[in-house]
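Line by line, the protein sequences give chains A and B.
Residues in the first sequence are numbered from 1 upward in steps of one, following this note's numbering.
Residues in the second sequence are numbered from 1 upward in steps of one, following this note's numbering.
Honestly, I wouldn't trust all of these hints.
Chain copies aren't distinguished; within one or between two, either way the pair holds.
As the list claims (entries may be wrong) - Calculated pairs, BS3-like style, for lysine-lysine (alpha carbon to alpha carbon, straight line, at most 27 Å):
no., residue 1, residue 2
1, 92, 189
2, 192, 151
3, 189, 79
4, 72, 192
What the hints contain is simulated information worked out from the structure, not anything from laboratory work.
Treat the numbers as computed from the prediction; the structure is a model and nothing was measured.
There are 2 protein chains.
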Amino acid sequence: MRLAIDAMGNDAGPPPIVEGVRLFLERDDSGATVVLVGREEVLRPVLADAGLEGHERVEIVHATQVMEMHEKVAHLREKRDSSIIRLVGEVKEGRADAMVALGNTAAAIGATCLGLGFLKPLHRAGIAVPVPTREGHPCVVIDMGANTCAKPRHLRDYAVMASVYSRRVLHTGDAPRVGLLNVGEEAGKGNKSLREAYELLQQAPVNFVGNVEGGDIYNGACEVVVCDGFTGNTILKASEELASTVAAWLREAYGASWVTKIGALLSRRAFRILKKRISYAEYGGAPLLGVDGVCIIGHGRSSPDAVYNALRVAGESVHVGLNGLIRSELVTLAAGSPVGSAA
Amino acid sequence: MRLAIDAMGNDAGPPPIVEGVRLFLERDDSGATVVLVGREEVLRPVLADAGLEGHERVEIVHATQVMEMHEKVAHLREKRDSSIIRLVGEVKEGRADAMVALGNTAAAIGATCLGLGFLKPLHRAGIAVPVPTREGHPCVVIDMGANTCAKPRHLRDYAVMASVYSRRVLHTGDAPRVGLLNVGEEAGKGNKSLREAYELLQQAPVNFVGNVEGGDIYNGACEVVVCDGFTGNTILKASEELASTVAAWLREAYGASWVTKIGALLSRRAFRILKKRISYAEYGGAPLLGVDGVCIIGHGRSSPDAVYNALRVAGESVHVGLNGLIRSELVTLAAGSPVGSAA
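Take these sequences, add in the hints, and give me the full structure.
Structure (structure tokens):
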């Protein structure tokens, strides 16, 4: 198995990515090769520092350009030799089984959708972000912003794909519960588009539990929550900031007195446990579901652990044949209620 | 000043509300009278228990019916003598200066909009929820779900109203920063409706700082974040659940060993500080801005402290003449760019 990764897609440069690759090589026993895509002259010394120079499971694919964080998708046209375009090329031309895109998310989505195309009969992809829940199991929120709007059938397709992902890669059991994000639980809530999506989801080959509210993302009520990309993006960004704000407040509160400072010292193990539970890194990057190839999207601020997890999830997705499974669900769906016909 | 409150609108019955009223009478020095609306035979003994029987600043307005939490807005028709309808009547007929609605939020909004009507030239209202930020100042998110959709001019009107509220009731300075919730900061992000809202906000009499992302609600980047009610509702419900999930994890993590248990004991002061910062109760209920009367919406699970704060915010809104100030901003707006003309 060959997993390709954008080695230039980190705010702090290649070192955290290379460190994540080292962790992966150390922990993974599938024998997968990691293909680092980026500037060879930059990557060589970083690999040497990490003791990975000449490693039999590491290769470099040279790319002279980098899509910077602030650059718009349209700039891809002038960056034909950027690491993200080369990364997509590795999968497209069959030299890699999966890709891990880090950094400029909009550019990564644009390059991947354009380069790999979609699983038939789809015409769009959705980012599936697993978040931790009170009950311990992850909940996949889809779409986190690949498309800001979503028609009813897109929401239904997201549900089908994320269910397969939840079941086979996140191991959440045979029938992950799928909720439709809404402003109330009763059927009939929300606008016309959501009411149509509700009906499509009832007929879809998923364990649809009806409308759910924002709180149900975290309370363990479902394994999959479906929403449009605008809502998913704003909720997840708000959540991420809220979690880190609470952590910052906790640190401040512990500085209040000597007693609380000693309390903090004795609490270190508890903090470690908490951090592990909150950490999105735990679950690895977010798959871009619907494209014709395995693509995991990671943060531009990914820690080595997050990079490791993204590679692990990429490998596991290839191993279980994620896209083949999704494709067969889409065929089932097409047989039952023609995709694209109902809405 | 007379402040009316729905005394039946709590999942745990009237006691937490009456306790909140007691706190208000104890702490408030405006001399305001609190009018409890609900079943007299239920309220009398609760007032007696709280030592408020015959209190000179407490009155009861009898209402025989209650809108239960699960009942739909349409049921208001059969509940002419419900506490929420009577509550609105108190303000409408000038017997109270402000109302605090607790419990069934959808019914409260429906009854209030129908009963009080809107501040001219508006045709809708928005729920403004103040949330705590990393920087300490509150950030008002509007709309939290009075209307699931919003046209560009509605978003603009929300911004104008919430700015006045932030400035005059939350005391956030002369020019609260207003952000438009979007999936990226660059102008031109989002759909047509958001781009139009962006333009309207640039011309509005508010300190518009441009598009903001979900994280900017909590990181202290603005004092007001404007969004449609679907987005606001799902984000705030997700945030509320996430905060309480993190707290639950922290409790669990502290149970991990004797060391962490002692750590927890020594950390109690830090927890109190943290809880105070997180607590939405701190800021009181959320005003329904745009209706022709002061209306504060509270949770059906409001603690006595939250009830106290809702009454305090209601009193302060009356004291500063909130709706008069909003009305004059709307006049300014109408003079500059006619309300309702641009979108």
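Taking the hints in turn, this is what the structure says about them:
Proximity of residue 92 and residue 189 under a CA criterion of 27 Å is satisfied in neither setting, with 42 Å inside one chain copy and 30 Å between copies. Both within a single protomer and between protomers do residue 192 and residue 151 lie at most 27 Å apart by alpha-carbon distance, with minima of 10 Å and 16 Å respectively. Within a single copy, residue 189 and residue 79 get their C-alpha atoms only as close as 45 Å, which misses the 27 Å cut-off; across copies the closest is 22 Å, which meets it. For the homomeric pair residue 72 and residue 192, the shortest alpha-carbon distance between copies (19 Å) is at most 27 Å, but the shortest distance inside one copy (33 Å) is not.
In summary, the structure is inconsistent with hint 1 from the numbered list given earlier, while agreeing with all the others.
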